[in-house]
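In case you want the letters, here they are:
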Amino acid sequence: MARGIRLQRPAVLLILAVLLLLLPIVSNALGMSFLTVDFRRFLIFAIAAVSLDLILGYGGMVSFGHAAYFGLGAYTVGLAHVAIATQQWPAWVSEPLVTWCAGALVSALVALAVGAISLRTSGVYFIMITLAFAQLVYFIFVGLKNIGGDDGLRFVANRQLLGMIDLGNRMVFYYLVLAILGGVVLLCSRLTNSHFGMVVQGCRDNEPRMRALGYETYIYRLICFVVAGALAGFAGALFATHESFVSVSLMHWSRSGDFIIMVLLGGIGTLYGPVFGAIAYLWLESFLPEYSEHWMLFFGPFLILAILFAKQGVIGSLPPAPASAKQRHA
Amino acid sequence: MLELRDVRKSYGKVTVTDGLSLAIEPNELRAIIGPNGAGKTSLIAQISGELRSDSGEIVFNGRSLNAMSMPARRRLGISRTFQITSLLRDFSALDNVRLAVQALDGRKRSAFASARGDALSTRAAAELVEFVGLAERADIIVSHLAHGEQRQLELAVALAGSPPLLLLDEPTAGMASDDAIRVKNLIASIKGSRTVLLIEHDMPTVFALADRVTVLVNGREIATDTPDQVRRNEQVRASYLGDDDA
Numbered sequence: 002m003a004r005g006i007r008l009q010r011p012a013v014l015l016i017l018a019v020l021l022l023l024l025p026i027v028s029n030a031l032g033m034s035f036l037t038v039d040f041r042r043f044l045i046f047a048i049a050a051v052s053l054d055l056i057l058g059y060g061g062m063v064s065f066g067h068a069a070y071f072g073l074g075a076y077t078v079g080l081a082h083v084a085i086a087t088q089q090w091p092a093w094v095s096e097p098l099v100t101w102c103a104g105a106l107v108s109a110l111v112a113l114a115v116g117a118i119s120l121r122t123s124g125v126y127f128i129m130i131t132l133a134f135a136q137l138v139y140f141i142f143v144g145l146k147n148i149g150g151d152d153g154l155r156f157v158a159n160r161q162l163l164g165m166i167d168l169g170n171r172m173v174f175y176y177l178v179l180a181i182l183g184g185v186v187l188l189c190s191r192l193t194n195s196h197f198g199m200v201v202q203g204c205r206d207n208e209p210r211m212r213a214l215g216y217e218t219y220i221y222r223l224i225c226f227v228v229a230g231a232l233a234g235f236a237g238a239l240f241a242t243h244e245s246f247v248s249v250s251l252m253h254w255s256r257s258g259d260f261i262i263m264v265l266l267g268g269i270g271t272l273y274g275p276v277f278g279a280i281a282y283l284w285l286e287s288f289l290p291e292y293s294e295h296w297m298l299f300f301g302p303f304l305i306l307a308i309l310f311a312k313q314g315v316i317g318s319l320p321p322a323p324a325s326a327k328q329r330h331a
Numbered sequence: 008m009l010e011l012r013d014v015r016k017s018y019g020k021v022t023v024t025d026g027l028s029l030a031i032e033p034n035e036l037r038a039i040i041g042p043n044g045a046g047k048t049s050l051i052a053q054i055s056g057e058l059r060s061d062s063g064e065i066v067f068n069g070r071s072l073n074a075m076s077m078p079a080r081r082r083l084g085i086s087r088t089f090q091i092t093s094l095l096r097d098f099s100a101l102d103n104v105r106l107a108v109q110a111l112d113g114r115k116r117s118a119f120a121s122a123r124g125d126a127l128s129t130r131a132a133a134e135l136v137e138f139v140g141l142a143e144r145a146d147i148i149v150s151h152l153a154h155g156e157q158r159q160l161e162l163a164v165a166l167a168g169s170p171p172l173l174l175l176d177e178p179t180a181g182m183a184s185d186d187a188i189r190v191k192n193l194i195a196s197i198k199g200s201r202t203v204l205l206i207e208h209d210m211p212t213v214f215a216l217a218d219r220v221t222v223l224v225n226g227r228e229i230a231t232d233t234p235d236q237v238r239r240n241e242q243v244r245a246s247y248l249g250d251d252d253a
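Chains A and B, in that order, give the protein sequences. Heads up, the first sequence is in our numbering, so the first residue is 2 and it goes up one at a time. Heads up, the second sequence is in our numbering, so the first residue is 8 and it goes up one at a time.
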């Protein structure tokens, strides 16, 4: 039928990848090199959106607190720099690779504690309890006046990766972020197709059945939750290096909602759909206010329409590759 | 093989299992019959670990199951089917059985290797799918399978890992007669090679398959005997079978 004309998902993925690869070169040529910095930020948020898709789309765990892990990763980098500036910690700690991994680790540990408790509930209770924990983290950081509280934390981020890669160069940093995003999508894709991923998806479909098959489902879901938290923390850490500034607004509950919208908009359970969703959402968020201060008035209905008419998101509505299409509808 | 000692379970004032003691021999096919609400499904739920008994003990091959979770009991070899089909609806028939096989083969798996690419478990799963007569339908998503096919698949999933004890909760429920006969034949072919606890409403099936029959009424055992003896038992006829069935 219309399948011959309609774009299939692999084609869209290819187009998306090529556009992102060309973006810095084209924007430089057009004298709009600020776009490279804007998109670098979009791609960093995209990493967190992909990690949310892992638990939301594949695990069926509607976490309404994903911004907390992003924020914790960012604050880890910020606080490390403050500790170095006040000579409490040695300078080598500011090495981006060290602070980024530390950010991921901090978020993973918090996700472990939050997940261990939250995963004993399900449905609406799970949503509420993940939100409650995120709010708890948020208010702790609002209250910490010595690290800026409401005003946030400004620092000079070390942008010398391994002493040889200069992240001060916008193109270099952009391509590094793009490569990390690609790596995260690939990693998550391998994970979801693995035995572990199948078990997690089985739990989403029918957890009692998975237990009846002999799986300790709680452990599988908890590991998945921690992996997603760690990846969000890593993205947050990248953001801190990108921005040289962190603030509690990163952890606000509305940011958690934004991440969910990015996933839904792009296509839940597709991994690269949320990349598209994150870029589209953040671009509209930064572009619409230039035209009207009542931009939310247009943005809200747009989101409602997008989710109504493309129930599986923009990418999710496209037909998958032919092989799996046959499997689904044979 | 399987022993229940004075097992009790109630919800408030409703008693579903009332001091039940049973002993099932290795490789026996024991049918449990009784009117609706007799506590048959609750019994399977307690043996499989889905429900906790209030008191009493369930012993499997000399081990008490009381403190064991449902997944642990399945890994020990107690497998069940569900009265209301319970499968992974977005997965293919083969995927469902493969996941069941992989849960039990005890092999470590990489988090980065494709689950579908695992040859050993895929072959074992394909054999089970073929055994229940679904070889042609292996790649179909479960929600697209007919009801009877889903019931057959339930059986394939339950048979993964060759469990020594099989708890079958109305395996032919809601099936067309052709499909029901197919499932009946499958159970007949399993019989003797493992222990089976069968809940079934269709009396001809029960009397054809069972080694012994236990009649349950209000959570209590009122008779356990060979099919012939149960058929003649006055108390059973009065409380359950009715005169037409005999």
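Simulated from the structure, these hints should not be mistaken for lab results. One thing to keep in mind: the hints can contain errors.
[Unchecked claim] Keeping only pairs whose Cα atoms sit at most 20 Å apart, straight-line, the calculated DMTMM-like set for lysine to aspartate or glutamate is:
#1 198(B) to 228(B)
#2 312(A) to 35(B)
#3 191(B) to 209(B)
#4 191(B) to 228(B)
#5 191(B) to 35(B)
#6 115(B) to 217(A)
Just so we're clear, the structure is a prediction, and the values are computed from it rather than from any experiment.
Each hint tested on the structure:
{"no.": "1", "hint": "198(B) to 228(B)", "result": "23 Å, violated"}
{"no.": "2", "hint": "312(A) to 35(B)", "result": "52 Å, violated"}
{"no.": "3", "hint": "191(B) to 209(B)", "result": "11 Å, holds"}
{"no.": "4", "hint": "191(B) to 228(B)", "result": "25 Å, violated"}
{"no.": "5", "hint": "191(B) to 35(B)", "result": "16 Å, holds"}
{"no.": "6", "hint": "115(B) to 217(A)", "result": "15 Å, holds"}
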